[in-house]
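Construct the entire structure; sequences and hints are all you get.
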Amino acid sequence: MLGKTAGGLFWMFRYLERSENIARLIEAGFRIALTRPGSEEWASVLRTAAAEELYVSQVGEIEQARVIDFLLRDPNNQSSVMSSFAQARQNARMVRTAITREVWEAVNDAYIALKATLARPVAERDLPDVLAQIRQHSALVRGALHGSMLRNDVFDFCRLGTFLERADNTARILDVKYYVLLPSVTQVGSSLDNVQWETILRSVSGVRAYSWLNPGKATPMGIADFLIFDPRMPRSLRYSVTKIRSNLDMLETDYGMRRPCHDTIARLDQCLTDGTIEAVFEEGLHEFLTDCLKETARLGTEIQTDFNFTD
Amino acid sequence: MRLTINYTSTYQFDEPVHYGLQQIRLTPKSRIGQEVLDWDVRIDQGRVETQFSDHHANEVSLVSIAADAMAVKVTARGTVETQDLNGVVGRQKGFVPLWLFQRSTDLTRASLNVRNIAKGLKDAHDDDIALLHALSERILSAVPYRIGATDAATTADGAIESGAGVCQDHAHIFIAAARAMGYPARYVSGFLMMNDTDHQEATHAWAEAHIDGIGWVGFDVSNGISPDDRYVRIATGLDYRDAAPISGLRFGSGDERLSVDLIVAQQ
Amino acid sequence: MSDETQFFDEMFGSGTDARAPYKRYSDWFSNEDPKGLMKEAKEAESFFRRTGITFNVYGQADAEERLIPFDIVPRIISGKEWARLAKGVEQRVRAINAFLHDIYHRQEILRAGRVPKELIARNEAFLPLMMGVEPPGGIYTHIVGVDLVRTSENEFFVLEDNARTPSGVSYMLENREMMLQMFPELFGKMKVQPVSGYPTALRSSLAATMPPDPSPDQTVAILTPGIHNSAYFEHAFLADHMGVELVEGSDLRVVDGRIAMRTTKGYKPIDVIYRRVDDEYLDPLNFNPDSLLGVPGIFDVYRAGRITIANAPGTGIADDKAIYSYMPDIVEFYTGEKAILQNVPTWRCSDPEALAYVLDHLDELVVKEVHGSGGYGMLVGPAASKRELAQFRAKLEAKPEGYIAQPTLALSTVPILTKAGLAPRHVDLRPFALFSPEGVTLTPGGLTRVALKAGSLVVNSSQGGGTKDTWVLEDD
Chain A
1 MLGKTAGGLF WMFRYLERSE NIARLIEAGF RIALTRPGSE EWASVLRTAA AEELYVSQVG
61 EIEQARVIDF LLRDPNNQSS VMSSFAQARQ NARMVRTAIT REVWEAVNDA YIALKATLAR
121 PVAERDLPDV LAQIRQHSAL VRGALHGSML RNDVFDFCRL GTFLERADNT ARILDVKYYV
181 LLPSVTQVGS SLDNVQWETI LRSVSGVRAY SWLNPGKATP MGIADFLIFD PRMPRSLRYS
241 VTKIRSNLDM LETDYGMRRP CHDTIARLDQ CLTDGTIEAV FEEGLHEFLT DCLKETARLG
301 TEIQTDFNFT D
Chain B
1001 MRLTINYTST YQFDEPVHYG LQQIRLTPKS RIGQEVLDWD VRIDQGRVET QFSDHHANEV
1061 SLVSIAADAM AVKVTARGTV ETQDLNGVVG RQKGFVPLWL FQRSTDLTRA SLNVRNIAKG
1121 LKDAHDDDIA LLHALSERIL SAVPYRIGAT DAATTADGAI ESGAGVCQDH AHIFIAAARA
1181 MGYPARYVSG FLMMNDTDHQ EATHAWAEAH IDGIGWVGFD VSNGISPDDR YVRIATGLDY
1241 RDAAPISGLR FGSGDERLSV DLIVAQQ
Chain C
2001 MSDETQFFDE MFGSGTDARA PYKRYSDWFS NEDPKGLMKE AKEAESFFRR TGITFNVYGQ
2061 ADAEERLIPF DIVPRIISGK EWARLAKGVE QRVRAINAFL HDIYHRQEIL RAGRVPKELI
2121 ARNEAFLPLM MGVEPPGGIY THIVGVDLVR TSENEFFVLE DNARTPSGVS YMLENREMML
2181 QMFPELFGKM KVQPVSGYPT ALRSSLAATM PPDPSPDQTV AILTPGIHNS AYFEHAFLAD
2241 HMGVELVEGS DLRVVDGRIA MRTTKGYKPI DVIYRRVDDE YLDPLNFNPD SLLGVPGIFD
2301 VYRAGRITIA NAPGTGIADD KAIYSYMPDI VEFYTGEKAI LQNVPTWRCS DPEALAYVLD
2361 HLDELVVKEV HGSGGYGMLV GPAASKRELA QFRAKLEAKP EGYIAQPTLA LSTVPILTKA
2421 GLAPRHVDLR PFALFSPEGV TLTPGGLTRV ALKAGSLVVN SSQGGGTKDT WVLEDD
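From first to last, the protein sequence lines stand for chains A, B and C. Counted the way my numbering counts, the first sequence spans residues 1 to 311. Counted the way my numbering counts, the second sequence spans residues 1001 to 1267. Counted the way my numbering counts, the third sequence spans residues 2001 to 2476.
Think of the hints as simulated: they come from the structure by calculation, not from any bench. Heads up, some of the hints might be wrong.
Derived lysine-lysine pairs resembling DSSO-like cross-links, with alpha carbons at most 30 Å apart [claimed, not checked]: (1) Lys2023(C) x Lys2268(C); (2) Lys2039(C) x Lys115(A); (3) Lys2117(C) x Lys1119(B); (4) Lys1073(B) x Lys2268(C).
So this is what it looks like as structure tokens:
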């Protein structure tokens, strides 16, 4: 496979995951704003989307409708849902020969539909429907990928993009809010904290899953454990890293070559398999998350180099 | 005359070169007036990827620059036996038709300046060779030899404008003017043994015009003569770009500096 | 165009009964509900958009991909008619190849005075660097698209040859797929020769022109300028159907004396490259130094005989509009036979007498730029306004050698489906011929372009033309 193609697949799925993640962030922010008007939730949503600075310089004051529009459809915002989707499709066009017709059509259909839906600002009343539509389209692309693609290196690069983006996203959500999870500032039961925890879970669509697994035990440590270490949670760091590792392992076997990225992922995987939430809190949650973010960024760069995405 | 030639050129780069290629035309061929007895080209920090003979029958090596090289050094050395034929090198050979040498190129446009230099020559001379020598003289007086007034990308017209130039510029002006008067003309890059200099800092260049019944005849404007047995032809073409000893392209930032050391001596 | 002009309609001839090749289709059509067909046609369009069969239009601010409109009425050609065309196309392809070999070697045709030397000497499409180069297998034009028009039952003319990188073959293939899906029952009633073998034929044809000492894998690849190119969809489509890599200049470099592509496992040599990049941009080391689309050194590797470039650089000299008028002589010079396909009479405006005639009859003629393509820079005299005529007159007077003129041909029509039922529209035809040392392969069919505006003679997709599926029947 061409290195450029591998890169195109990787980025196509990173962007798809990103657009879905941004949609989830908007959903969480919107929900909190509905139930707790006046909270400063939108600022931290922007921070999580790594778009706060850009927003302030391009748009200005934080205001719900404008933030939503910025995150949903602003062409100047590289990570808006629409921008991410457009970039996913651009990459899909580039790797058209590597993906099946089903996958291409799912992406192209989604792009055509989203372009129409997001041609104008979305009214608050329509927001839930629009966000549901975005989720649905992502699910269709994922379904086409699973149902029609060979399980070869092409598939591996798609999955690497998905899970690297997801790991990065989950770590970022936690890091923006890490302070509310710290025992020192926790006043268990206070309404503020409950809201913050709920946002964290909502941002990864994990409210129900968490309470299902931990009935009646919503503690900061429990939530952090769930999002970092729980192997059953498909958006946890551990889950994402395990997936990255298995895809990289398959490439190692397939190509008969071990590269620097294989060592990095082995290290990261080890750290998440062996680690406990108690140890993380002891050493510092922020420091731990910063390390995780650094390692995933490094992994991204290594994958890019090791598989010759670019010259 | 038996000449020994020792040529070294070094490109030095400010930044490591990511990827780069060079076309190297530094292999003279045995032909009328010169016999190559031995010849060797060496590349440091580069690799000969492939070799071929171009449309002007020049021997070309395609060289890739070693990854992250800070310099490339090309060495060419050997021995050539030469004859003095008053610049006459024979008829056009190969597939390239003579009319191609009447085509002007970006470097050899027949601008107003160029045509002014040639003005009246046709009427003043019946003899082709006398005419072309007269052209050569006019060029040298209009554009005296001076290093630094022009560079490798200067056109014939540009050189006349700047009022001074080097052998490359003289050849370009000569070619442009000769073509404007209907002569097929070409650029020659080569070596010249200079009686007063041991170490030269560049290869030499001159022009050839095609005269019916005689064939190609050389004119070295800078020295005001037709080439003799001190001259070795390396490559020919429509202009400098076709016949340049080294031309290349590289990916990477920063500037480059070229230094040449050439020794041509009689054995 | 005067209203009385009679055009040959390929479905109905000059009467109201369908001509023989259309008989069965016409019977079928008369039993269909036109409204239902219109609805299906709409669905076809949304299908094309979904699958991404689009082209990018240059020079438009919103660089969105656009659809080429598709008409669901097929253009039908009998087996017998096709056989004659096929012979003519094959003859032309061989002559073009022989001409190119000659022009880049001994130039006998110039020495013989059959084609004026100036026409080559002053031509920008002539590539001196190709002089003396031996392309692998002696093939210059691996793929040729010959644009044909019909003016009557038995008269076909060649409008132009496309010997550089003819495009449109993906429409031939996708239009057929669409018709098979929409009207399976029709294909049961009529024996239509398949076109689906084209990608395989293209691949074998390219593989038959390997360089002398190919790499062990004998790799074929397609070189595209990238996703922003107007024909990117076609490049990806062909790569997909041929099972070869689609590469860009940035994927390639010179490695071990060959052109190699950067794969996830390292560099891998390419032996045959089907390039969809123009000569000028092909190699910044040898041609336009500013090109970012090309591959530095590819022409050197080519000259060293270590890669096949399809089509060969410099083939543009054969499809130049000024050369076109000499094609009958060229065919005769190299094949010893009269040209089977006719040329459209052409005035070369570089000739003062011809120019005078053209200026006198501007409102009757079609004037084309010698180096133009895509229907840009073209004047259709009878359809032009006074102002357009005046503007073109000025252009002609300023640079006569840049233009040729031809009579306005009475292009045949084929009906398209409109809200008001069938309506005749002008068409042309581009069949695609493949050439290798094993011979000429012509896929029975081609790209039928149709002017969608009533009365219009401009079929180019960039100028509002559409396409039709082209059916070549197996004769009973």
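Quiz prompt | Hints that the structure is at odds with (numbers, increasing) | solution = Hint 1 alone not satisfied by this model.
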